[in-house]
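Trainee: Here are the chains, one letter per residue:
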Amino acid sequence: MDIAKVKSTLHMEDMGQAMYEMIARLFPICRSITGNGVRESLAIVREHVPLELHEIPSGTRIYDWSVPQEWNIRDAFVRDPSGIKVIDFQRSNLHVMSYSVPVRARMPLEALRPHLYSDPDHPNWVPNRRSYYKKDWGFCLSYADMQKLIPGDYEVCIDSSLEDGSLTYGECFLPGDVTDEVLISTHVCHPSLCNDNLSGIVVSAFLAQLLAAIPLHFSYRFLFIPQGIGSISWLASNEEVASRIRHGLVLSCLGDDGDFTYKTSRRGDADIDRACSHVLHESAKPARVLKFSPHGGDERQFCSPGFDLPIGVLMRSSYGNFPQYHTSADDLNFVQPKALSESFNVLIDIIAILENNRNYRNTCPRCEPYLAKRGISLSGDWPFGPSKEQPVLWLLNMADGSHSLLDIAVRSGLDFDSLCQAARMLRKYGLLTE
Amino acid sequence: MDIAKVKSTLHMEDMGQAMYEMIARLFPICRSITGNGVRESLAIVREHVPLELHEIPSGTRIYDWSVPQEWNIRDAFVRDPSGIKVIDFQRSNLHVMSYSVPVRARMPLEALRPHLYSDPDHPNWVPNRRSYYKKDWGFCLSYADMQKLIPGDYEVCIDSSLEDGSLTYGECFLPGDVTDEVLISTHVCHPSLCNDNLSGIVVSAFLAQLLAAIPLHFSYRFLFIPQGIGSISWLASNEEVASRIRHGLVLSCLGDDGDFTYKTSRRGDADIDRACSHVLHESAKPARVLKFSPHGGDERQFCSPGFDLPIGVLMRSSYGNFPQYHTSADDLNFVQPKALSESFNVLIDIIAILENNRNYRNTCPRCEPYLAKRGISLSGDWPFGPSKEQPVLWLLNMADGSHSLLDIAVRSGLDFDSLCQAARMLRKYGLLTE
Amino acid sequence: MDIAKVKSTLHMEDMGQAMYEMIARLFPICRSITGNGVRESLAIVREHVPLELHEIPSGTRIYDWSVPQEWNIRDAFVRDPSGIKVIDFQRSNLHVMSYSVPVRARMPLEALRPHLYSDPDHPNWVPNRRSYYKKDWGFCLSYADMQKLIPGDYEVCIDSSLEDGSLTYGECFLPGDVTDEVLISTHVCHPSLCNDNLSGIVVSAFLAQLLAAIPLHFSYRFLFIPQGIGSISWLASNEEVASRIRHGLVLSCLGDDGDFTYKTSRRGDADIDRACSHVLHESAKPARVLKFSPHGGDERQFCSPGFDLPIGVLMRSSYGNFPQYHTSADDLNFVQPKALSESFNVLIDIIAILENNRNYRNTCPRCEPYLAKRGISLSGDWPFGPSKEQPVLWLLNMADGSHSLLDIAVRSGLDFDSLCQAARMLRKYGLLTE
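Just so you know, the sequences run in chain order A, B and C.
Residues 1 to 434 (the working numbering) are what the first sequence spells out, left to right.
Residues 1 to 434 (the working numbering) are what the second sequence spells out, left to right.
Residues 1 to 434 (the working numbering) are what the third sequence spells out, left to right.
Calculated directly from the structure, the hints in this document are not laboratory data.
Incorrect hints may have been included.
Identical copies go unnamed one by one, so any copy, or any two together, can satisfy a pair.
Unchecked claim - Here are the simulated BS3-like cross-link-like pairs (lysine-lysine), alpha carbons at most 27 Å apart as the crow flies:
(1) K7 with K428
(2) K373 with K85
(3) K428 with K5
(4) K373 with K134
(5) K85 with K135
(6) K291 with K134
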């Protein structure tokens with residue numbers, strides 16, 4: 001069954017709810033770019049999709065980088081002079097700066113302060129901080145709580161470990177009719193932040209689950225990786241696979257109710273760029289298409305000049321451009337089942353284009369074929385306006401072997417699926433060949 | 001004498017009047033895609049231009065199609081229960097659906113109704129209907145008249161014939177200096193409808209008459225054909241001729257006072273597309289340039305992918321986009337002599353570009369030539385602004401063999417004729433060669 | 001020392017003042033396309049730059065032209081019937097039409113009138129006139145003064161000479177690392193007119209002086225030539241040099257306070273065109289970029305089809321488009337030190353792009369390099385917004401050998417200098433090679 005048809009069988013409301021519930025399970029886990037939080041999260045993803053787990057040992061050379069030590073944390077807190085826990089990792093893992101080295105000390109407030117991070121612009125939110133490549137420790141707290149700290153000696157504890165171990169990522173490969181691949185990549189390294197990027201994880205997982213159940217034209221590869229170092233690790237050991245990637249998407253921030261944003265690949269005019277623009281444009285809702293820039297997430301690695309892969313980024317509100325980004329306000333209230341299911345929907349429409357895009361050739365290219373004698377009815381009078389025969393006429397006219405279905409969709413402004421259906425019908429009558 | 005010069009000798013007002021009178025003569029004839037109505041109409045066209053008549057026998061295979069049977073009609077009417085002719089072909093041939101099979105019957109109003117067509121949106125207009133490829137019969141009447149029909153038994157008569165015969169079209173070939181051709185095609189299959197397309201017929205006929213009298217660079221071929229099946233018939237037996245077509249236009253709807261519309265060829269950037277855009281743009285009146293789409297008239301066949309000819313469509317209000325289209329309101333009041341002569345004017349400007357477009361080469365390409373010593377006066381002081389020396393300077397600068405006059409007109413924004421005149425002058429002085 | 005660094009050492013206010021003072025010295029001299037006025041002016045330019053003077057004898061064939069006779073003038077006046085000098089060359093050299101043949105005569109006002117030029121639209125301004133290629137004489141005066149002339153006999157004297165001699169131009173060549181050249185051309189043939197073109201002369205002279213003092217990548221050639229016949233003369237004897245020109249600018253009208261105008265080369269997309277557009281765009285002030293047209297100054301010769309050199313024109317208000325143009329109002333009040341220094345500034349920014357534009361290649365093209373381990377600090381958190389690491393990331397991403405720094409500046413919207421600095425830093429670390 002074709003993906004466009006499968007879509008019509010899905011109960012989107014239920015799927016949105018199921019994705020939301022998966023986010024709720026993943027939310028409390030303390031993830032970072034390495035460590036058990038990633039493993040726990042991938043175990044949950046694995047309930048949905050056949051996930052191969054990879055462990056890359058600390059110190060492994062990956063291009064210009066090496067895999068960092070593994071970080072784990074059991075507990076962390078700060079007690080004020082009166083013994084009250086004023087900061088407590090057990091309440092939210094955002095309170096500890098990711099990759100904090102272990103600390104167990106008493107110190108006056110003045111000595112503690114340089115290790116405390118808050119955001120006066122959003123006084124009730126806890127910001128999220130990390131220090132992956134410089135050994136440091138720190139606590140994050142709301143500005144309101146920061147203001148309440150009283151002078152005196154504080155007990156500081158970070159019960160973490162930073163030791164040789166491994167970097168963990170998950171990979172799910174779904175073979176298709178051809179060995180050419182579509183890559184879907186999402187980052188799994190953020191702690192209790194819902195939109196960035198539990199939303200990307202669950203949408204990816206549900207998509208993989210769906211595709212695993214149907215025949216596929218392309219082979220699909222899903223990556224659940226720590227941002228940056230994860231894509232570098234994967235590329236370093238998969239150069240040959242990378243050369244087979246025909247299309248790809250980085251998924252992130254897909255659970256809020258903002259307008260869709262697509263950031264193009266470095267190439268800017270790859271099929272994935274045109275497919276995403278077409279779907280977002282067809283949706284008739286406001287949407288942004290941003291040109292590639294070398295900032296952001298794993299697209300920085302996939303689109304580095306030595307790879308220059310045709311991979312874009314699909315988001316709702318774009319990373320860095322919503323106030324809740326990387327704060328405690330990116331929580332279970334900020335993402336919604338409806339937004340997740342809409343994102344899933346758009347993603348399926350994009351995949352349906354990739355799967356079904358073909359170059360056809362009209363077998364009867366001199367003048368129009370006599371459709372009526374084959375029982376193909378073009379409704380009514382002369383066809384001038386937009387109507388159901390449009391896809392048939394556009395296809396017959398443009399199918400000269402040099403225009404793909406996507407080219408025809410973009411040129412005609414017709415939606416891809418109607419062209420696909422028309423193509424199927426015309427092939428049945430022998431009027432189109434591939 | 002060059003066409004641009006001929007134009008200045010024409011009395012446009014008289015020509016508009018003469019074209020209008022020719023429409024008035026053609027108006028009452030009942031045309032369809034085959035039959036005597038076409039022959040009668042072509043006989044009138046033949047008074048103006050040397051027209052070769054072609055008769056293609058019914059059943060002839062033309063690509064995926066075959067030539068239909070020939071349809072002729074003598075009379076048709078409907079009498080109401082009281083014996084009154086409530087619908088009468090003699091009053092207007094629009095009352096009968098084109099290609100109606102013969103009928104002679106009595107039937108109650110309920111049985112008649114499915115064969116009656118009217119348009120409640122324009123209650124006083126008679127719509128125009130045809131059923132070429134499905135055997136059927138029908139009457140068209142105004143919605144107002146439809147409402148007046150009383151219950152009871154009706155006498156129905158369509159005295160038509162649908163038999164083996166032939167499809168008729170007219171062709172006028174005007175040889176030029178080169179065997180490369182310009183094709184002008186217009187459809188002759190519509191009954192008493194003025195703008196669509198008696199206007200196209202008369203403008204074509206007058207243009208052919210004009211071109212027949214002057215020396216031509218290109219060879220010109222005028223087709224007076226039934227829409228769809230006519231262009232298919234012609235293409236099927238003229239593939240080699242088609243390969244010589246360098247430019248072409250389908251003419252229709254040229255008699256109303258709407259703004260000009262040009263619909264590009266499938267290629268979109270053919271010389272004919274740029275010439276028409278340039279002329280319409282230069283006219284400084286509102287005009288539309290529409291991109292090709294595979295709907296409409298004979299351009300559907302000429303621009304089918306196996307031919308992809310550089311042929312566009314010139315119209316005033318575009319087919320399907322004026323309320324009178326295919327109704328009794330497209331009558332002798334809807335078209336006007338002035339609109340016809342304006343259309344003729346624009347068409348001559350377009351032909352003048354096709355005829356005179358050349359690639360020249362400046363024989364003195366290093367620095368500007370010393371024009372004054374040849375007596376070529378560039379007025380006044382340094383030439384900065386728009387003035388008469390502009391065409392000379394643009395030509396000398398751009399004439400490097402890779403820019404045609406049309407290219408230079410488009411780039412400079414100068415009108416084509418002034419560039420033509422300047423080119424003629426500069427050739428006289430040996431400063432340009434072809 | 002690099003030009004961008006030199007710029008920061010300049011005291012722009014002083015330079016503007018110095019340029020203005022040089023204009024004031026040049027102002028009284030009566031220049032034309034030949035004669036001692038040009039020589040006197042070049043002598044002043046020579047105080048700043050090592051200028052080679054060329055004298056091309058009258059009658060020398062230069063392509064389609066020949067060098068005209070040399071014109072010199074000592075005095076000229078008109079005395080009215082009462083003996084009063086109503087027009088006096090000693091008050092302003094604009095009063096005599098340039099290239100006026102000698103005259104000594106008495107004539108009634110009616111006979112004199114055809115030789116008098118004034119402008120009723122600006123009744124207090126004296127227009128500027130020339131008659132280089134047609135032997136004639138004339139006087140220019142304000143319309144107000146013209147109105148005061150009384151009937152009667154006038155004494156007319158033009159003490160000029162038009163004899164075989166030579167055409168004079170100045171050339172300053174500054175050798176660089178490569179023999180490829182940048183051409184800077186400015187016209188020196190206008191009499192007491194400040195903006196057109198003493199401004200171009202002084203900005204050129206100061207630029208040559210600056211460039212003479214620093215190491216250069218390209219070789220630079222400055223031309224101080226009479227307009228039209230001067231560029232034709234130079235091209236005729238420098239075809240081989242012309243073939244080495246990679247970039248060039250014609251400088252004129254750089255002293256008024258109008259917005260900047262850049263007129264592109266005939267090619268329209270040459271590096272000089274993109275460099276100038278980028279600098280004017282980056283300045284964040286209103287600026288115009290005009291497409292090439294074959295009117296104007298020496299670009300008409302440099303961009304003639306046989307040369308088609310990548311040479312544009314840099315101006316403030318564009319020639320012909322300010323009311324003071326070619327009138328006595330283009331005087332020492334119309335140009336300002338501040339405007340001259342701004343123009344000089346912009347010009348240096350343009351030269352800095354030409355000098356430093358290179359194609360680099362990222363030596364570490366697969367994934368991003370690990371910058372932090374080299375001590376290259378990218379500030380703070382993930383880099384999403386505009387900030388100092390942007391040039392580094394854009395460079396690493398785009399430096400694939402097919403994008404120049406200018407390409408990257410245009411694509412990223414970053415200013416060229418920040419990219420240059422980043423490139424220098426990355427080369428130091430071995431991350432970029434040329």
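Trainee: Between K7 and K428, at a C-alpha cutoff of 27 Å, which is it: within one copy, between copies, both, or neither?
Mentor: within (23 Å within a copy, 54 Å between copies)
Trainee: Within a copy, between copies, both or neither: where do K373 and K134 come within 27 Å Cα-Cα?
Mentor: Classified as between: cross-chain Cα gap 10 Å, same-chain 75 Å, threshold 27 Å.
Trainee: Which holds for K291 with K134 at a C-alpha limit of 27 Å: within a copy, between copies, both or neither?
Mentor: Neither way: K291 and K134 sit 32 Å apart in one copy and 53 Å across, limit 27 Å.
Trainee: Please sort K373 with K85 into within, between, both or neither, judging by C-alpha distance up to 27 Å.
Mentor: neither (83 Å within a copy, 37 Å between copies)
Trainee: Please work out whether the CA atoms of K85 and K135 approach to 27 Å or closer within one copy, between two copies, in both situations, or in neither?
Mentor: Answer is within; shortest intra-copy Cα gap is 25 Å, inter-copy 90 Å.
Trainee: At most 27 Å between alpha carbons: which applies to K428 and K5, within, between, both or neither?
Mentor: Intra 18 Å, inter 57 Å, cutoff 27 Å: intra-copy only.
When held up to the earlier numbered hints, the structure conflicts with 2, 6 and fits the remainder.
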